[in-house]
Amino acid sequence: MDKNTILKLAPLVLKRMEYGIDRFYLLNFSNDDIWIGNYASFVVISQIDGVRTIHQIVKNIQDQFEDYTCNQVYEAIIEIANELVKNGFLINVK
Amino acid sequence: MIDKDFLCKLFELYLNHEEILRRNSNKVKSLLCYHKYKKSLPPEYIFSFPNQLILKLTEACNLRCKHCFYAENPNYYNKKSEFSTSEIKKLIDFFVDEINVLFITLTGGEVFVRDDFLEILEYIKRKFLPVTIQTNGLLIDEKKAFILSQLLNPKTDYVQISLDGADKNSHEAIRGTGTFEKTINTIRHLKKCNIRVQINTTLTSVNAPKMEHIFELCDNLNVNMLSISKFELCSEQQRYLKLSADKLMEYSSVILAKSRNFRNIRMNYKPLSIYDFLQYTEGRTLIENYIQKNNLKKMQNKCLICHHHDKITISSEGNIFFCSMDESENAILGNLRKQGFYDIWENRFNTPYFQTRDMTTTKCKNCKYIPICNTGCMASAYKKYGDINCAPAECSYFEEYIKEQYG
Ligand SMILES: C[S@@+](CC[C@H](N)C(=O)[O-])C[C@H]1O[C@@H](n2cnc3c(N)ncnc32)[C@H](O)[C@@H]1O
Ligand code: SF4
Ligand code: SF4
Numbered sequence: 055m056d057k058n059t060i061l062k063l064a065p066l067v068l069k070r071m072e073y074g075i076d077r078f079y080l081l082n083f084s085n086d087d088i089w090i091g092n093y094a095s096f097v098v099i100s101q102i103d104g105v106r107t108i109h110q111i112v113k114n115i116q117d118q119f120e121d122y123t124c125n126q127v128y129e130a131i132i133e134i135a136n137e138l139v140k141n142g143f144l145i146n147v148k
Numbered sequence: 013m014i015d016k017d018f019l020c021k022l023f024e025l026y027l028n029h030e031e032i033l034r035r036n037s038n039k040v041k042s043l044l045c046y047h048k049y050k051k052s053l054p055p056e057y058i059f060s061f062p063n064q065l066i067l068k069l070t071e072a073c074n075l076r077c078k079h080c081f082y083a084e085n086p087n088y089y090n091k092k093s094e095f096s097t098s099e100i101k102k103l104i105d106f107f108v109d110e111i112n113v114l115f116i117t118l119t120g121g122e123v124f125v126r127d128d129f130l131e132i133l134e135y136i137k138r139k140f141l142p143v144t145i146q147t148n149g150l151l152i153d154e155k156k157a158f159i160l161s162q163l164l165n166p167k168t169d170y171v172q173i174s175l176d177g178a179d180k181n182s183h184e185a186i187r188g189t190g191t192f193e194k195t196i197n198t199i200r201h202l203k204k205c206n207i208r209v210q211i212n213t214t215l216t217s218v219n220a221p222k223m224e225h226i227f228e229l230c231d232n233l234n235v236n237m238l239s240i241s242k243f244e245l246c247s248e249q250q251r252y253l254k255l256s257a258d259k260l261m262e263y264s265s266v267i268l269a270k271s272r273n274f275r276n277i278r279m280n281y282k283p284l285s286i287y288d289f290l291q292y293t294e295g296r297t298l299i300e301n302y303i304q305k306n307n308l309k310k311m312q313n314k315c316l317i318c319h320h321h322d323k324i325t326i327s328s329e330g331n332i333f334f335c336s337m338d339e340s341e342n343a344i345l346g347n348l349r350k351q352g353f354y355d356i357w358e359n360r361f362n363t364p365y366f367q368t369r370d371m372t373t374t375k376c377k378n379c380k381y382i383p384i385c386n387t388g389c390m391a392s393a394y395k396k397y398g399d400i401n402c403a404p405a406e407c408s409y410f411e412e413y414i415k416e417q418y419g
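In the order they appear, the protein sequences are chains A and B.
In our numbering, each number is its position in the first sequence, counted from 1, plus 54.
In our numbering, each number is its position in the second sequence, counted from 1, plus 12.
Since the hints were derived computationally from the structure, they do not count as laboratory data.
There could be a bad hint or two in this list.
[As the list claims (entries may be wrong)] Going by beta-carbon spacing under 7 Å, a handful of chain B positions derived as facing chain A:
(1) Ser42
(2) Cys45
(3) Ile111
(4) Phe115
(5) Gln172
[Stated by the list, open to error] Just a few of them, taken from the derived set where beta-carbon distance is under 10 Å, the chain A residues facing chain B:
(6) Met55
(7) Asn82
(8) Ser84
[Claimed, not checked] Rough simulated footprint, nothing fancy, chain B against chain A, three-plus residues with beta-carbon under 8 Å:
(9) 65-74
(10) 86-93
The structure displayed is predicted, hence computed values, not measured ones.
Ideal placement from N, C-alpha and C gives every residue a C-beta, glycine not left out.
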């Protein structure tokens with residue numbers, strides 16, 4: 055996985071943000087797995103659309119959250135994305 | 013008059029059915045990820061946004077069933093206020109992509125009356141949203157059943173077909189001549205295409221006498237679930253459809269006893285509740301003994317809001333409701349044609365259904381039956397008493413209890 059990777063949610067994976075408890079869920083209706091993150095992971099995963107590269111997503115997020123450097127955002131995204139690809143919630147488009 | 017032994021046996025059957033339902037819901041095989049998500053939430057959690065959407069796509073219908081909620085106002089079925097195809101698609105984009113709902117139920121009226129129904133369904137399934145379709149089934153032929161099977165996922169989706177009797181005469185007395193065979197054929201087509209089917213039946217005076225035969229029919233058709241509901245009286249013309257208290261007890265006992273021979277059929281039998289037993293002195297004694305024997309205690313601080321606001325209904329006119337049991341003017345949260353969803357959702361704090369309803373606020377808090385009753389449907393309470401903290405209309409004990417409590 056690198057800056058040019060394009061990811062999308064795997065088929066039958068749905069998102070769910072519970073703001074009241076700062077929990078973000080991914081529900082995989084094909085194998086019944088769930089993944090639990092927080093609002094930050096929701097912000098990241100909401101950008102993953104099967105069209106934009108990780109680089110473009112990093113730029114977009116960094117524009118919104120100026121306190122973080124591009125590198126910090128990139129590392130955070132790569133960490134979450136790797137885990138989610140491994141567990142079948144995200145798939146590689148390119 | 014109801015015989016004491018009969019009541020005792022029926023109470024046992026009733027408890028047994030409740031127990032089976034509880035056990036089934038504990039070992040849910042389908043939609044396990046959804047149950048994991050729900051289980052992981054704190055107890056009494058109030059959802060940030062609804063996670064289930066009931067979308068009424070149209071008021072139009074090809075039938076005029078005698079028992080229908082809308083039968084009182086025949087013009088209802090001719091109203092032309094439904095959303096266009098593109099409006100529906102925009103709604104779906106919003107509720108799936110932004111609100112992140114997890115389920116959608118498509119109902120009406122009759123959804124298949126809309127020429128664009130399959131296009132709407134395809135649009136929803138492109139987003140992988142689990143779908144339930146409620147239909148009378150009459151407009152589904154073999155070809156449509158095949159198209160449905162290409163769109164629906166046997167793991168997450170199912171079709172609910174209304175069958176209002178185990179035999180032609182009962183069903184057609186409610187739904188009209190020529191409807192029974194067609195409905196049965198539709199179920200066959202759907203099952204042949206490996207689509208999950210639930211039969212929805214409303215118990216009335218017309219179909220109750222032969223209802224016990226529904227099990228053989230379900231077995232024969234290989235349906236996945238059977239749901240038998242209570243008939244809601246909506247107009248005086250429908251009064252003949254309502255079962256008397258004694259008749260409801262009599263038929264329920266036959267149906268529940270028969271269901272024990274068909275354990276392969278998952279049934280949810282809703283016409284009978286604890287309130288039906290409370291109408292009889294013997295029934296009250298049975299419940300009191302049961303509470304005592306099992307040492308049942310009332311739950312402390314338990315939120316008694318029926319579904320923790322996890323679902324909303326959108327009518328074809330764009331009105332949003334918390335509960336499909338109350339679609340009166342008072343219960344409208346807002347209208348999507350006039351306001352944005354976020355404004356409507358903010359307004360929920362001002363509506364009766366968002367007020368606190370727990371063990372401290374309910375008027376039932378000192379009732380001796382509360383450990384088994386838990387106070388029931390708040391829409392029914394609100395409709396009768398204008399207060400969600402009262403007992404539901406079905407409770408025949410409430411007024412007596414209030415007199416005892418408050419004089
Ligand atoms: C309003 S219909 C809409 C879907 C479709 N037209 C159908 O008949 O299945 C949804 C369900 O509500 C049930 N229903 C209608 N009127 C009812 C009433 N007065 N009491 C209880 N259930 C009712 C129908 O039998 C049906 O199963
Ligand atoms: S088919 Fe459904 S909506 Fe139409 S009249 Fe019958 S119950 Fe009502
Ligand atoms: S008074 Fe309230 S708690 Fe008691 S039986 Fe009726 S609804 Fe249930």
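Okay, the hints, checked on the actual structure:
For Ser42(B), the interface hint is violated, since its Cβ never comes within 7 Å of a Cβ in chain A; the closest pair sits about 9 Å apart. For the restraint placing Cys45(B) at the interface with chain A, the shortest Cβ-Cβ distance is roughly 4 Å, inside the 7 Å limit, so the hint holds. Annotation: Ile111(B) was flagged as interfacial toward chain A, and the flag is violated, the nearest CB pair being 9 Å apart, outside 7 Å. Hint status for Phe115(B) relative to chain A: violated, with the closest Cβ pair at about 9 Å, above 7 Å.
Residue-level restraint check for Gln172(B) is violated (minimum Cβ-Cβ distance to chain A is 19 Å; threshold 7 Å). The criterion of a C-beta within 10 Å of any C-beta in chain B is not met by Met55(A), whose closest approach is roughly 23 Å, and the hint is violated. A hinted interface residue such as Asn82(A) counts as satisfied when its beta carbon comes closer than 10 Å to some beta carbon of chain B; here the least separation is about 6 Å, so the hint holds. Given the 10 Å rule on beta carbons, the hint for Ser84(A) holds: about 7 Å separates it from the nearest Cβ of chain B.
Coverage of the region 65-74 of chain A by chain B holds [criterion: at least 3 residues with CB-CB distance below 8 Å; count 10]. Here's how the region 86-93 of chain A fares: 4 of its residues keep a CB closer than 8 Å to some CB of chain B, so the rule of at least three is met and the hint holds.
Checked against the numbered hints given earlier, the structure breaks hints 1, 3, 4, 5 and 6 and satisfies all the rest.
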